[in-house]
Amino acid sequence: ETGVTQSPTHLIKTRGQQVTLRCSSQSGHNTVSWYQQALGQGPQFIFQYYREEENGRGNFPPRFSGLQFPNYSSELNVNALELDDSALYLCASSLTGDRYGYTFGSGTRLTVV
Amino acid sequence: QKEVEQDPGPLSVPEGAIVSLNCTYSNSAFQYFMWYRQYSRKGPELLMYTYSSGNKEDGRFTAQVDKSSKYISLFIRDSQPSDSATYLCASANDYKLSFGAGTTVTVRA
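Protein chains in written order, with the working numbering: chain G, 3 to 115; chain V, 3 to 111.
By construction, these hints were calculated from the structure, which means they are not laboratory data. A few of these clues could be false.
[Stated by the list, open to error] Footprint (simulated), chain V over chain G, 3 or more residues, beta carbon under 8 Å:
#1 34-48
#2 54-63
[Stated by the list, open to error] Only part of the chain G face toward chain V is listed, based on derived beta-carbon distances under 10 Å:
#3 P10
#4 I14
#5 R17
#6 N73
#7 Y74
#8 L83
#9 L90
#10 C93
#11 A94
#12 Y102
#13 G103
#14 Y104
#15 T105
#16 S108
#17 G109
#18 T113
Each residue gets a CB set at the ideal place from its N, CA and C atoms; glycine is no exception.
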């Protein structure tokens with residue numbers, strides 16, 4: 003049973019809309035990362051948050067943004083949705099510096115039409 | 003060029019066969035290597051990890067890293083239908099994981 007929960011599990015949005023995805027990290031994990039997994043591909047790193055600050059970002063445009071809250075829950079916001087944003091969005095929590103200890107949630111399947 | 007390359011397969015084997023999965027990577031700075039298993043509609047779960055070069059064995063699973071050739075391997079012995087999943091190789095570098103595309107494996111009963 004994973005300690006990371008994501009909501010919603012599925013979502014359908016229209017191109018140009020905005021979306022917020024939510025993640026509740028595993029207890030005690032102070033770092034949260036977000037990944038985008040397109041169909042048939044491996045997850046791609048979006049960004050990571052530690053102590054409510056972004057401390058690493060992948061090759062994603064600024065319309066992808068995030069927040070981390072004091073209780074280690076977090077959000078991924080995507081503005082001006084494009085069809086190519088359709089993917090599984092994964093949240094992973096870990097203890098800082100623990101490269102092996104990433105725990106992934108089951109993801110949110112976003113479909114942009 | 004992607005940092006981690008993986009043959010997407012798919013791979014279909016009979017029950018009891020040895021499954022061999024491979025990846026290559028391009029970043030010489032990579033030191034930490036992992037294999038994740040992902041079932042349909044689930045997030046990846048850590049299966050094996052190794053640091054630098056060498057072998058690591060855990061039950062039916064063996065992970066190998068050859069840093070001289072930048073090659074990562076996973077072997078599954080005595081494969082079972084429950085091993086049917088997508089297997090992702092990954093490397094950790096500072097704050098992020100770099101994944102291969104994943105290989106979908108089906109073990110036929």
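Query raised in the report: Hints broken by the structure, by number, lowest first?
Result: The structure conflicts with hints 3, 4, 5, 6, 7, 8, 18, although it agrees with all the remaining ones.
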